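Student: Given chain A's structure and the hints, the job is docking chain B onto it.
2 protein chains.
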Amino acid sequence: MAAKSEKKTKQYVYLFKEAHGLGKELLGGKGSGLAEMHSIGINIPEGFTITTEACTLYYNSHEKIPAFLEKEILTKLHELEKLTGKKFGGKENPLLLSVRSGARVSMPGMMDTILNLGLNDETVEALKRKTNNGRFAYDCYRRFMLMFTNIAMGLSRDEMDAMLDELKKAKGYKNDYEVTEDELKELIKKYKAYYKSKFKTDFPSDPIAQLMTAIRAIFRSWNNPRAILFRRLNNIPGDWGTAVTVMQMAYGNMGEKSGTGVGFTRSASTGENKISAEFLQNAQGEDVVAGIRTPDDISKLHKLMPKVYDELVKDAKKLERHYHDMQDFEFTVEEGKLFMLQTRSAKRTAKAALKIAIDLAKEGICTQEEALTKIDAHSLDQLLHPTFVEADLKKAIAIAQGNPASPGSAVGHLSFDAADAKARHDAGEKVILVRAETAPEDLEGMVSSEGVLTMRGGMTSHAAVVARGMGICAVTGCGAAIVDEKNRKVTINGKTYGEKDTLSLNGSTGMIYEGAIATEPAHMTGDFATIMKWADKIRAGKMMVEANADTPAEAINAVNFGADGIGLCRTEHMFRNGERLDMMQRMILADTTEERIKWLDMLEPYQEEDFYQMYLAIGGINLNVRLLDPPLDEYLPREADKIATLAKETGKTVEDVNKRIAELHMTNPMMGLRGCRLDVVYPEIGRMQTTAVIKAALRAEKTLSEKKGKKVHITASIMVPQVVEARELKFVKDLICETADKIIAASDYDKKLKYKVGTMIETPRAAVTAGEIAKHAAYFSYGTNDLTQFTFGFSRNDYSSYITQYLDNNLIDFDPFKTVDPAGVGRLIELSVREGKATNPELVCGICGETGGDPESIGHFYEYGCDYVSCSPFRVPGARLAAAQAVAKANMAKAASETKAAKKTKKVAKKASKKADKKSK
Amino acid sequence: MAAKSEKKTKQYVYLFKEAHGLGKELLGGKGSGLAEMHSIGINIPEGFTITTEACTLYYNSHEKIPAFLEKEILTKLHELEKLTGKKFGGKENPLLLSVRSGARVSMPGMMDTILNLGLNDETVEALKRKTNNGRFAYDCYRRFMLMFTNIAMGLSRDEMDAMLDELKKAKGYKNDYEVTEDELKELIKKYKAYYKSKFKTDFPSDPIAQLMTAIRAIFRSWNNPRAILFRRLNNIPGDWGTAVTVMQMAYGNMGEKSGTGVGFTRSASTGENKISAEFLQNAQGEDVVAGIRTPDDISKLHKLMPKVYDELVKDAKKLERHYHDMQDFEFTVEEGKLFMLQTRSAKRTAKAALKIAIDLAKEGICTQEEALTKIDAHSLDQLLHPTFVEADLKKAIAIAQGNPASPGSAVGHLSFDAADAKARHDAGEKVILVRAETAPEDLEGMVSSEGVLTMRGGMTSHAAVVARGMGICAVTGCGAAIVDEKNRKVTINGKTYGEKDTLSLNGSTGMIYEGAIATEPAHMTGDFATIMKWADKIRAGKMMVEANADTPAEAINAVNFGADGIGLCRTEHMFRNGERLDMMQRMILADTTEERIKWLDMLEPYQEEDFYQMYLAIGGINLNVRLLDPPLDEYLPREADKIATLAKETGKTVEDVNKRIAELHMTNPMMGLRGCRLDVVYPEIGRMQTTAVIKAALRAEKTLSEKKGKKVHITASIMVPQVVEARELKFVKDLICETADKIIAASDYDKKLKYKVGTMIETPRAAVTAGEIAKHAAYFSYGTNDLTQFTFGFSRNDYSSYITQYLDNNLIDFDPFKTVDPAGVGRLIELSVREGKATNPELVCGICGETGGDPESIGHFYEYGCDYVSCSPFRVPGARLAAAQAVAKANMAKAASETKAAKKTKKVAKKASKKADKKSK
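As given, the protein sequences belong to chains A and B, one line each in that order.
For reference, each letter of the first sequence is one residue, going 43 to 963 in the working numbering.
For reference, each letter of the second sequence is one residue, going 43 to 963 in the working numbering.
Watch out, some of these pointers could steer you wrong.
Quick list of in silico lysine-lysine cross-link-like pairs, BS3-like style, CA-CA up to 27 Å [stated by the list, open to error]: (1) A:Lys106 / B:Lys784; (2) B:Lys701 / B:Lys753; (3) A:Lys106 / B:Lys772; (4) A:Lys749 / A:Lys793; (5) A:Lys684 / B:Lys753; (6) A:Lys393 / A:Lys359.
Simulated from the structure, these hints should not be mistaken for lab results.
Given the structure is predicted, the values throughout are model-derived calculations rather than measurements.
Next up, chain A with everything else stripped away, as it sits in the complex (with noise of 0.2 Å):
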């Protein structure tokens, strides 16, 4: 019932040219894509989509296409065909179709398409007489079984495969196309035969049967493993569903006036603005795709068919006019016309990405704020990772070249399959992936590796796209690298190498070393630079990216990475080596409050000297310090014999060393005596560390403003861990301020030195009695990775014991300690936040877990209210621009509806104004 009343007030189903703006969520990338392209003139081929909520009513139906689907499918069946002046299933002018997914985001590989639906024993028959060409008919005829028997029915293609190769064996062919139509008609008997044979039924020749069929697979490929592992390392939720896109065939095939290409507006690599495509003469999209043949570069179509070039070029400026955006396309060539079968935004190499950026908001094709936001925040990575060595580079052995499908440099052993990369990779060991070509079920293999090689496929192979989008070197098509995965071993020119051999790759070049390259670290652009310095500017006083830093190499790592400041500093680090690590075991073993405090005594020194050299690293920015978080039994010994050497040396009995190993051990370390309950049970602890932060701000701002010649001023800050309520924090602030005032009153240096006390907000409680807690603190300081924790009950230690299952069964979206989970953790951020600033409108908030450097999340933690995140220092930069981005959107967002609301306005005036005039006359 409710599905029929839905029925009536939802259309599930759009013609192209109906199609326009309605975009990506509701009909997917394909069919938005050529909604948009229609709608500015374009040419493409007719056709339909059929929407995403219709595969979300799929499932709803207990995964049947409900009987008013069905029909209204038909509708526009009838429409296109209208449109066409062909007829699905005719006799004369028969409508072939193509029947393709298309989800919201381009899953590459992932989803299944089927080609020339509509052929029958009978319409293959009008095709041949309508091209002339009974061969291409048959080959068509034969390609849509296969399609449909693979992919639609779901059988493997193998002994289909192996009947054609038995033909061309038999026949001694090399090549596909020399098979000739009786030979195709006697294969597809055979493929016929085949089909009843495993379905106990013939194979269906009614093409709306054909067609239904095909729409249901679609749906289905939706849950299929490969897809749901694609959404789980994309973070792509497993609700949204994917649309279908049905349209009138177009023949690259059919002879040297017809061909196929992929290509993208700007160069993928270097984003140089210049088109940059392959073509491949008389052949279907799926030979390109699929990396069978090598196309050629698009300077071929040029010269074969110049003015199918210019207008190819023309669609290309077209398309980024609208879209604001580099765009990727698929076109095929009919006859010598041109239709445009996709489009996109273009995937890019974070180099090029920022070029293009740069160059979108100078051509005056986006503002510089929108172009930020065309970058993806998470490949800046690309550009940190490292660099061959020149020097090493110019005395290494280049054996051959592909192409460089994917920057950075790897060095690594061979691997020949991907369940081996993955295995050695897990175990330690560097790989580099060599394969004939990829495939969607290397996925796992690939983010294993190093770098990824391949003997065939072109720049939009599978593994050259997969590889970009993951940020993994690749070279692709190295045609002199013969691969034989079966022997586990490639020869190139000649040589052999095995799995023990090692080889360099450069993404970049495309070029293949033999032996290890030295690398160093990578050097960032004069383009990475003006796109630092554009986000900056826009999350200037919004969004802050500080970092998370223990020692003072990685607070310079941090400041040169652009850090606002130090986020984050561990003090548990500090205690876990040589005569620290002893002081800190005595003063655990203390029997008496004053023996614990004769040890802190002596360890304030070195926490000192610590912080200290912090503060001179990075010239008196942020600090910002966080008391002793883990359980004290970590710092104790387990074995026996250490046992007995810490009795004997702090002259106890091994007993009573053991009772208090007893005494402190958790049952659940992480829900355990740790974080700022030390301080209430020890409040030595807290006014040691106090002390050592105080003294080395005192010191490290005279030795600065010594140095720097002027008076510097440090504010100090100390961050008090797992808060649970309000009169707890103040407990220990308490402490920390009786032990700083007094330090700082006495100081012959600076009587006034600034410091502030701030928490981390990482359990539920200290989340929903925010309000309270934000009366004591100067700043919240989120840990997501230990809210995460205790918001599922699921512990970091533990949950890959199940947490693969979760992703597998689509029980979760994605992993919440890489990204932040709406819904839960953030929900808990969101009301805190909210509600902190409502008691202390001085209250600053920000971030210093994991999903602190994670750009999806720094999206949400802007919408929340949060002022700053901090990160590691590699992820500084892709903060940044994540920060800018998020304050661009929202910039954006307000400007959009100020804009409508401005029209809307304009418009109510204009027809007052009208109606004036009307009432004046």
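Tutor: For chain B alone, coordinates are given in the frame of chain A:
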């Protein structure tokens, strides 16, 4: 500035006659009682109360009394002078004061009182002249100096007591009253010298200075360690503060026509409707409360001063009518004139509470509903305590009798100090605390004991009051028991008992027996049944009470205690022993799903039989089965020999078994692979358990129907633990439903068996996404244990290492695992009940954690919109009462606000009609 502006709007000091209706929150218990007594015409000494808000102001003003507050106090003091015709510090007719603390709830023995304030060398002479009794006047002066020095100045009284003892010894006096006026004067000189030697300043002779110092001392005493301990044990928030009541002295020690007493308007022990009080002639109240002298029965007052007695009885009835409740009271007779000093709702035994509630309703003093709210739901536990087996009791040797101070029966070894009692209790020993008399510092020792025996003190002594409050058996004032605390022995009628001897106490009769007497379960009285009937009527359809039970025996117990169903049946205990454990271990060690299923199939009949027996035990009422919850490694052995055996028996290597144990070992078991995560990773476990529940329900339906001779319908309930996300619940629910539907469809008995699937809400994420989760759940059951763990990040296994410091430092108000934490856990529950019911109006919400049996928590849960609680069988009666009280209070509040609204309407109507009348004139 803030404080000054507050001054203008807020009154901090009220005369008793101004304060009627302001309530205990503002005036404290004493101040409120005096104001109310004044308003109903009971004779009290004049005075005023400084509010609890003043105490908060004091703490917010850095522990200082702001000038404007001091001014307000002095203004009221002046008004008091006018009322009494006496002058504070006056040399002729001096006003003398008692200064007492008064918190919102009674805190016996915890707070400090100063009497006779205003005395100095001049006023003492005036008092002497006025009373014509020099000894009396100087004794008052001495007592005042002692109290002031001890309480207001915080000096131990030992040395001052020693001065008096020395004097008595020198003179050969046995009693204080033998000391003469002149000797007292000498003693006062010594006190002055002592004071000066300690404080380097004279004892303050200025009465105003005395008063302000005393007020500050009382404010400070709010945070003395004993007060903090009491608050902790009684869940009293630390920020309530105490009021200060200042009133004219009334002297019970002025001679034969004077005296003092305390009492109850009914019997606190049996509930009998007859005044029950004690009287001590020629004494001050402190003598009685401290248990120093054992008072006489109130009949003595009747004999000595019948008119005063009659007035007292009249006042008692007045108080009950006014408060709708039984009261306790303090009074003083000063030269034949009765002054009531204090009234409050009286503590009573559980048995008395039931009778009193029933009588109050029958006598028309209040409604049944209100009467129920007068019973302390915690105290019902007392009635469920075991009593001595009658036959054994007859054979027992009674050795003495004391006051039946607190009911119950206790058997244990003897302990002679509180610390020892606590230590032995913690070590598992059952002890009886034997003391000459108890003091507040004995509190923790009392709580740790089975029972308390004292040599001195009546029914209102410290030991008696505290024991009744805690539900601990106590026999007090047993003069036959000569307690030698130092040598750790007690001699009763010539026989000596030491630490290794066992005694048995009957707190309801006061009898003491040698050796151990066997005990038997509690018998519930007719009053109990009546109250439960009333409670069940009031809570019907609003708040159900179910029980947690894992075995048929527990389930029967639950039904006997009146549980409405079994709200939680934990299945994990069903696999802990014998061959089940063997199979469980083999299931866990299985290498393949097939092997796991094989062992699960073997376990299924055991589970099924468990559930079947549970259903039979409870006769078909709700049985809510929770799927397996703990991490699997709990079932695996840890000892090398057991591991070796297991390996041998399962045909695996020791390495393999150890590997599997290591795999399943959780760093944080509470947040590991547990709860429904087990069903996501091993769906076959959930399938097996569902099979067992459904098959058991089908079999039980059949058996019960045959037994009862009519069709019995069971609705099976299966509950999913540890849910974090709606899709996860759906996944598990789907596998439950598929399994259940198949079995039911195949059943030859009932193809329409009903079942429902609910979820635990025990992770914060489940709480904040409850709106989505509710779409897949028939009910929510809040696991407050886990929800509290995750909300705080406090592990129940580990929190003992810090919780004491949190309670002692007043950082949290109470143990959140015992009473629900409203600001954190409670807020999450309230939010999720609201959002869950919004998306699923049929949703039933309840509690199955520890707090489900806690009366305070039950009140909160009702406010949050919960429909039921489930607790251990023993706590069911208390929960039934608490549930009814929650409903009653809500009803009463609603009625009160309606009455108020109606009155307002009436008033408005009246005004309007008057206005109309006027107009018409």
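Student: Compare the structure with each hint and give your call.
Tutor: For each hint, the structure was consulted:
For the hint pairing lysine 106 of chain A with lysine 784 of chain B, the CA-to-CA distance comes to about 22 Å; that is within 27 Å, so the pair holds. Distance hint between lysine 701 of chain B and lysine 753 of chain B is unfulfilled; the C-alpha atoms sit about 52 Å from each other, more than 27 Å. As the CA atoms of lysine 106 of chain A and lysine 772 of chain B are separated by approximately 20 Å, the hinted pair is consistent with the 27 Å bound. For the given pair, lysine 749 of chain A sits about 20 Å from lysine 793 of chain A by alpha-carbon distance, which is consistent with the 27 Å threshold.
With a C-alpha separation of about 70 Å, the suggested pairing of lysine 684 of chain A with lysine 753 of chain B is violated against the 27 Å cut-off. Distance hint between lysine 393 of chain A and lysine 359 of chain A is fulfilled; the C-alpha atoms sit about 21 Å from each other, no more than 27 Å.
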